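Visitor: Chains as they are written, first to last, in the numbering used here: chain P, 1 to 593; chain A, 1 to 247.
Because the hints were derived from the structure by calculation, they are not lab data.
Note that the coordinates shown come from a computational prediction; the quantities given were computed from them, not determined experimentally.
Hints should not be assumed to be uniformly reliable.
As the list claims (entries may be wrong) - Straight-line distance between alpha carbons at most 20 Å, and here's what the computed DMTMM-like set of lysine to aspartate or glutamate pairs gives: (1) P:Lys534 with P:Glu455; (2) P:Lys273 with A:Asp90; (3) P:Lys273 with A:Glu244; (4) P:Lys531 with P:Asp580; (5) P:Lys505 with P:Glu493.
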Amino acid sequence: MVGGTGGGEAINMSTHEFAAQESHAHAAPQGFLRKWVFSLDHKVIGLQYYFLALAAVFVGMFLSLLMRIHLIWPTATLPLLGDIKPETYLTLVTMHGTIMVFFVLTTAPQGGFGNYFLPIQIGAPDMAFPVLNMLSFWTTFLGFVVMIAAFFVAGGAPLHGWTGYTPLSALQSSGPGEGLGADLWIISIAIFCLGALMGALNFITTTLDMRAKGMTMMRMPLTVWAWFVTAILGLLAFGVLLSAGILLLMDRNLGTSFFVPLVTINGQLTGHKGGSPLLWQHLFWFFGHPEVYIAILPAMGMASQLLSVFSRKPIFGYKAMVYAILAIGFLGFMVWGHHMFMSGMSPYTAFAFSIMTMGIGVPSAIKTFNWLGTLMRGRIRFTSPMLFAIGFVSLFVTGGISGPFLAQPVLDIQLHDTYFVPAHFHLIMGVASIFGIFAATYYWFPKMFGRMMSESLARWHFWFSFIGTYAIFMPMHYLGMAGMPRRYSQMTEVAYLHDLIPLQKFITYAAFITIAGQLIFLVNLFWSMFKGKKASDNPWEATTLEWTTATPPPHDNFGGHTPVVHNGPYEYSVPGAPRDYVMQNDPKIEPVR
Amino acid sequence: MASFSTTATVADPRISLGDDGIVPPVRSGGGDDGSGPGLPDYATRLRRARLGLLVALTPVLMLFVSFSSAYVVRQGLPSLDPRTNTLVRDWIPVTLPRLLLINTCVLILSSVFMELARRQIKGQAALGSVATSPRVSASEQMRIPWLSTTFVLGLIFLLGQWMAWRQLAANGFYVATTPSSSFVYLLTGTHAIHLMGGVLALFVAGVASLLGRSLARRSIVVDITAWYWHFMAGLWIYILCLLEFAS
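Just chain A, with the same shape it has in the complex (with noise of 0.2 Å):
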């Protein structure tokens, strides 16, 4: 994750308040020194990105763990019949298309070209430093295009789950059937609308190469990318198994 290396050594301790020995990181590349205007280099964008993303994750985990205490509680009340006016269960565990298995290989193997992509060009821009960014663009048409191949995975995927949601509505399961079949298209559509953000977020650094800009903001957006897609894919196996197992 973020590497928090260009730090300074700040000489002089605080008199009154005492230190605390905390040291910010320091925007290297003609900032640090006072006087410059403070562009930051690659590193630090790379670095602010990355804390970027970490701290957007945030509340994508936070609503799925409220989705998930949602889960928990609802599953366990009862529902009041008027016919008999007794409480029983209404939870009817749902079964849940095998499709959903060959969907979850497809984002398994979309996560590991994802990192391949990611150090792809992760290489190709530490090239970049030694060459122009057209020369680097015409060395990148040679090698396997990961990100395009991630890039249909997802598209694969997301056209798997909603066939996998045509199987549950065949099966008699729409989204107020049941509670539990409420939550398998709310938890399953709230992770498809979030990997459609990776989809798109693949989009644009495919369309920003074709039009040729340059390597280090597409570096970096695939490796963001790349960090919350491989978030993404471990999200689908934990409601996977939230949905196979605590049901």
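Just chain P, with the same shape it has in the complex (with noise of 0.2 Å):
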């Protein structure tokens, strides 16, 4: 007999009811359909998810080079798209955002790293409920697969941006890929977000209920807190645009109007009337902005990790770092109309939104000073994955810096829809992601995979990134403060921005490289995973539970052991301490006065 100690619902069951259902402490699978493919192992599910995201990140940067290519040579014939007509290039425009922000930016920090890690760092053996887990992969997957099909039907994938804004989104007939493309779009989204829904209802239950004897909440190491203050975010607002797909499918193929004012297309009336674009604006980014987060914590919580963990020194202000985190998120929901300042919006809305756009300043600030403060007289590491948390920091700022010009609507009348603001969300949302992602993989290389990467391949791979991510995006802010418009095809024989073409070049060239470079990732990824070096269980002697674990992990993760915690996530350089570091289960650490 077990006993129920749950209080008032504690109920005594035999303990046969339900031992087989417990589906983390069933033995592993054997089959390599439900060991590799419909697994239900959280350690798979995150590669999956990895993987998955990997592919994504290819296609999304093979679009993104034919962008650049058609930028500086536009008459030029394409491979497999032939010549680029401008609805080409915009559909080039909104399938790279999409992709991106979607099933890269969304998918690889939180899908694949948090749920390999996730259960691990809290000391549980799986995810809450890992039949949800696994469906929430394959429901992602086929989101993904749905979305390129777009590419694939009459009229090909749409045009209207990632930010799908209304009319234009709205009717199928107002361009090549509003047919069938669009809704095959609009309805990859809506099952992605099924998908995260899943994903972050088991990120919650599994980070509020699963945690190992001892692991306080403030003993979480700040990944984890990054993951479920992520997951908190996706659970808010992915439900928001799924009603906004829903409103959008209906005016598309019901002739509702939600979205659609009275309007013509070719002198003919469409039928609707009375919508408005702006509703469709307001849900848009009521999600867009906590996606903007979304896509950013998981990598901030990383940096933090890493940059303590090299410093050898405890995060400075953990405290102030997970406050600082739950401020960040909250905000977020507050401040989605600095996108639509130049929607009509009265000056006095756009006031209290700019301002509470530059007190994200505030969180952001706190964090980027305790990262310095970790930094600061450690005994630093300059190991592949701390280069990448450090090139995170400095992009971080890089693109935070530019944030503030842009929360306010005067300096936003001037550089709305110029090359000024992709430059500012590619830093601290893209690239600044894609560094966290980095600095992930070669840390957690080793315990996913019993080896290590190479080194020095990691780090000709860290500087082609870091190098050409700035040679690629700085020049942006000089187009866009010039003038240089986003989103239009063909500018070289536009004669006010003829003396800026010189520089679309030096960007496109740098692109090249910078995704050459990127093939020494791959490369690295791939052979590492067979030939590396064995990896011992805490090559990088670090402090949280996935360190005291097998390499790679067992199946239920400590096999059959549970971990009890004593000490918090970042103790490093502890004095009286027999090492430089206090694992989290080990004995508790006594504080020298």
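Since each chain comes alone in its own frame, lean on the hints to assemble the complex.
Guide: Next up, the structure:
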């Protein structure tokens, strides 16, 4: 008998009644399908998410390369696409943005690393609902397949941008790709929302209910905090996007007028009237801005983790870091209007959104100074994960500093829809987050695959990526300030932009070199999986629970044991301790007075 | 709701980070001593499932909050009349079919029955600790089938909604007739899809009973479905009020 101890709901039950149902208590599956395809193991699901994102990032990157080529050689005939028409260019813009935001930046840091390491870092044998976890991945995968299918239907993929602004996105006849392609785009995102919601449900329940004994909330690694807050953001945001998607599908296919006002196409009335395109913008950006934090928060958690590990110092201001991440998550829901300053918004409303937006600078600065405080006087080990973590901080600051510019309505009038905006969000949301993913890959690869990645290849990869990223995106600020509009496909013949073409050429060359540098990562990843040096259980001498278990971790994560936690997650260089680090499950350390 | 009484006191406060006093719930039933494989007991699984449900209801709530805000915004928007070139209101209030009131009564009644079913299986589960599963299944047959009644009432509600839509259409209110009718179909339809999930869960619990599956699992499924069902009943009353009084 097992005694239930659940207070008022405690009911004694026979053990045999539920022993067989415990998904994380079952034996490891043996068949290929159950082990690697329809796996319930959070670690396998994490890898599935990771490789899905890897496939998606190369699709997204290929699309960006085509855009860059077209921008400087607009008459060139491209492989697979032939001549690029303006609408084809918009299709590239749309699909690049959508794939990158949803299937890379949301998928890899949260679905990939979060799935793999959240349960292990809190000492749990698996996620709370493993079947839901599996469904979450396969739903996301289906969403990706539907998204890619949009390329291959009549009319091709949509051209309404990743933000899907109405009425362009709401009318079947508004342009090529706005027929079946746009429907598939919306359906794909709706499917993605469902997958993301299932994932968020698991992350939150697991974090709240499955922590090992002694793992108090304030002993959780900052990575776990980041995944947890990200899951809450997803839970609140994706439902709203789903609702907007449903309304949009109804406008497109059932003749309703939620988002479509009285419009004519080629002189013909569409039959819609009275709808509001701004309603779509409000709903979309209520999701869209938290989505930015969904992409960046896990990377912040990873940077916090790695800076502490490789500086051999406790993270500077753990509590402040936790409260800052909560504040960023909260404020993230208050600022969606800053994407709509140019929509005819009342100046008073714009002022309120502006103040709230600049307010995010406060917790962001707290985090940045704490990262610098962690590095200060640390015994820094410049390993490849550390290089990418420092690179993240650099990109976060560079990309973040242009935020307060755009947050001011007066400046936004000038900068809106120019290259200044892509420069800002690519640095802070795109590449900074990607650097978080790279840092996490180099850091956790030994635990995931039991082998070390090549350090020299990793360093080459870092410098290609770091310098390349700045070479691509820093000049875009100048293009924007000089008035070059974004989303336009052909600007080589525009007189006032003529002097800026050399800068565009430079960016394209830089993009070529940076993308070539990513092949180094790809080679390193797959080569190291099979040929890398064997890794020990704790090669980085880190303290969190994933480094206390075998490499790779066994099916139930801790080989039949449940760890008991006695220490905080960042106990490095502890005075009086036998080593320069104290694991979380080591006997409790006493402070030296 | 979820009971979080299975806690352990952590004796060792952290030394450098400060202790916030939050103590995590610990898996009881073999896993909390740091040595067992960690098979959670019934209470833990029930608590976890309820927590999961609570979390899962959040996006459902957000979905309807989002629809509601769209409803309020769209209601206040004027529309351009191309013939007169003036702004006019195109929001024609829909007269809701009286059938919806009967459907509401059916749903509330089903919610009561669902609660009785939840308490019934909870009692059976308590007996389960002293009886083997087949014997409990046998005694279950003697009880009032609240679960099946709820299932049938759920289907009647869905059928009633279908009939209400037919009535609306017969009165000339189709999905795209006027924005108000669009919202009637949208809100009632989305609610119906969500309630179908509850009906499906009841069906699963019924099939599990027929297949002689463990009482513990059925008990948890019924408990979760019951809370979900109550939420759906409350949500329906909210939707009805929104459509009736906010148009």
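Visitor: Quick one, are Lys273 (chain P) and Glu244 (chain A) close enough, alpha carbons at most 20 Å?
Guide: violated, 24 Å
Visitor: Just to be careful, I want the Cα atoms of Lys273 (chain P) and Asp90 (chain A) compared with a cutoff of 20 Å; is the pair within it?
Guide: holds, 8 Å
Visitor: Can you confirm whether the C-alpha distance between Lys505 (chain P) and Glu493 (chain P) stays at or below 20 Å?
Guide: holds, 14 Å
Visitor: Please verify whether Lys531 (chain P) and Asp580 (chain P) have alpha carbons no more than 20 Å apart.
Guide: Violated, because 31 Å separates the two Cα atoms, which is more than 20 Å.
Visitor: Verify the proposed pairing of Lys534 (chain P) with Glu455 (chain P), using a straight-line Cα cut of 20 Å.
Guide: Status holds; Cα separation ~13 Å.
Taken one by one, the earlier hints fail for this structure at numbers 3 and 4, listed in ascending order.
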